[in-house]
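Listed in order, the protein sequences are those of chains A and B.
For the first sequence, position 290 (counting from the first letter as 1) is numbered 290 according to the working numbering, and the numbering increases by one without interruption.
Remember, the working numbering sits 1000 above the position in the second sequence when you count from 1.
To be clear, the hints were calculated from the coordinates, so they are not data collected in a lab.
A portion of the hints provided could be inaccurate.
Unchecked claim - Sample of chain A residues facing chain B (criterion: CB under 10 Å; computed from the structure):
| # | residue |
| --- | --- |
| 1 | LEU110 |
| 2 | TYR208 |
| 3 | ARG215 |
| 4 | ALA228 |
| 5 | TYR278 |
| 6 | VAL281 |
| 7 | PHE328 |
| 8 | GLY329 |
| 9 | ILE332 |
| 10 | VAL341 |
| 11 | THR349 |
What the hints assert, rightly or not - Some chain A residues well away from chain B (every beta-carbon gap over 12 Å; in silico):
| # | residue |
| --- | --- |
| 12 | GLU21 |
| 13 | GLN80 |
| 14 | GLU131 |
| 15 | LYS157 |
| 16 | PRO218 |
| 17 | ASP245 |
Stated by the list, open to error - Partial pick of chain B residues on the chain A-facing surface, computed with a CB cut under 10 Å:
| # | residue |
| --- | --- |
| 18 | ASP1005 |
| 19 | ALA1007 |
| 20 | VAL1024 |
| 21 | ARG1028 |
| 22 | VAL1030 |
| 23 | GLY1040 |
| 24 | PRO1045 |
| 25 | ARG1053 |
| 26 | GLU1067 |
| 27 | VAL1068 |
| 28 | GLU1070 |
Predicted model, so just to flag it, every value in this text is computed and none were measured.
Where a beta carbon is used, it is the ideal one built from N, C-alpha and C, also for glycine.
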Amino acid sequence: MGKYRVVHYLNQFFAQIGGEEEVNIPPVIKEGVIGPGRVLQQALGEEWEIVATVICGDSYFAENIEEASAKVVELVSSYQPDVFVAGPAFNAGRYGVACGASCSAVGKKLGIPVVTGMYKENPGLDIYRKEVYITPTSNSARRMKDDIPAVASLLRKLGLGQEIGSPQEEGYFPRGLRVNRFVDRTGAERAVNMLLLKLKGEPFQTEYSMPTFERISPSSPLGDLSSATIALVTSGGIVPRGNPDRIESASASKFAGYDIAGLDALTPAAYETVHGGYDPVYANEDPDRVLPLDAMRALEKDGTIGKLYDRYYVTVGNATSVANSERFGKAIAAELKSAGVGGVILTST
Amino acid sequence: MKEIDRAGLPVVHVAAIVPISLTVGANRIVPAVAIPHPLGNPALPKDEERQLRLNLVKKALQALQVEVEEQTVFEE
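Only chain A is shown next, with the shape it has when bound in the complex (with noise of 0.2 Å):
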């Protein structure tokens, strides 16, 4: 029987053509095996075969992502392998993209296992993790030696069809799905075992774990409100009737500005939410619930504040990743400085 085939992805400073001057070439391939892909091909032992690299620079992937993802995919087919491996990427942002982005399309185009590893501040992880397996790395390629043997084990294992336990088992970053299985005791009982252990400050294992969020500072206050312009953002789902740019129910992957200029209060007739997580029929009823535009504008009519600013923002917070909301955060933040507003109000379902 034949040696299963690999495919390897290294970037152009790990395959040695150049470091930042040769950062631009587009995905290549060569035969055989080249730099780290030699500790990687003693990892995997004699059964598997490194049968071609694929090298891209650095910018020219992270700024061409779909091109290069599509080079790769048709560079890689052309060897037929078992399996796809690309770095150890460290904490090489563009590098991790790159495996990311050249994994995650080998996967799906090819229907092969595929395997990468980055350190865990690698920004490819975020990007990347639900879809690609990615073993955990130091920061830096000096412990290359170290790292490359739980990304070889995990891709053998793919590559042999084998079962894959859990990211605690297998040492790989969570990828946020959720396993059904059946287990002796009931959910209630093993919470309160995990929290006698708590109490008794023994460590623990939670079985769902909770984010950790930055914590930023606040900035300065508002002075005078008088002459200030407040705009209303929400993540409650607030669109104009029929939903025209289609936000999300749930899991949104965008926002949107709609102009309210003119505008009294938000009737039914004209306003409903999309938000998935929570009953609409308050909502519905009375947009303004959600989004206060009736009090905001007799609140300016009145003098209290300056000025309601002409568009609201909204989105759908109904289990949105992170990585979405700050990048809406941004770009809302963005356009709401250039337009001169002074202070938000942000409401939440």
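Could you slot chain B onto chain A? The hints should help.
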């Protein structure tokens, strides 16, 4: 919201679930009425409901004018 704050624009979170608002890191928080109607109460007559909403919005605007050092929940 944090990105708006980070950009230097004061922002107040009128939030139905204050613990979530605290967890995600809002700095100025005004507790809202309920999840499906954060700034309303369908059990009230229309006039009273409008007044309730006006009061909440005024409170939110006040919160924007207060200097805060850390996460602050503006209760009654």
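These are the hints, each one checked on the structure:
no., hint, in the structure
1, LEU110, "37 Å, violated"
2, TYR208, "14 Å, violated"
3, ARG215, "5 Å, holds"
4, ALA228, "8 Å, holds"
5, TYR278, "5 Å, holds"
6, VAL281, "7 Å, holds"
7, PHE328, "8 Å, holds"
8, GLY329, "3 Å, holds"
9, ILE332, "7 Å, holds"
10, VAL341, "7 Å, holds"
11, THR349, "5 Å, holds"
12, GLU21, "35 Å, holds"
13, GLN80, "45 Å, holds"
14, GLU131, "25 Å, holds"
15, LYS157, "36 Å, holds"
16, PRO218, "4 Å, violated"
17, ASP245, "20 Å, holds"
18, ASP1005, "5 Å, holds"
19, ALA1007, "4 Å, holds"
20, VAL1024, "5 Å, holds"
21, ARG1028, "7 Å, holds"
22, VAL1030, "9 Å, holds"
23, GLY1040, "3 Å, holds"
24, PRO1045, "13 Å, violated"
25, ARG1053, "5 Å, holds"
26, GLU1067, "5 Å, holds"
27, VAL1068, "5 Å, holds"
28, GLU1070, "7 Å, holds"
Violated hints, in rising order: 1, 2, 16, 24; the structure is consistent with all others.
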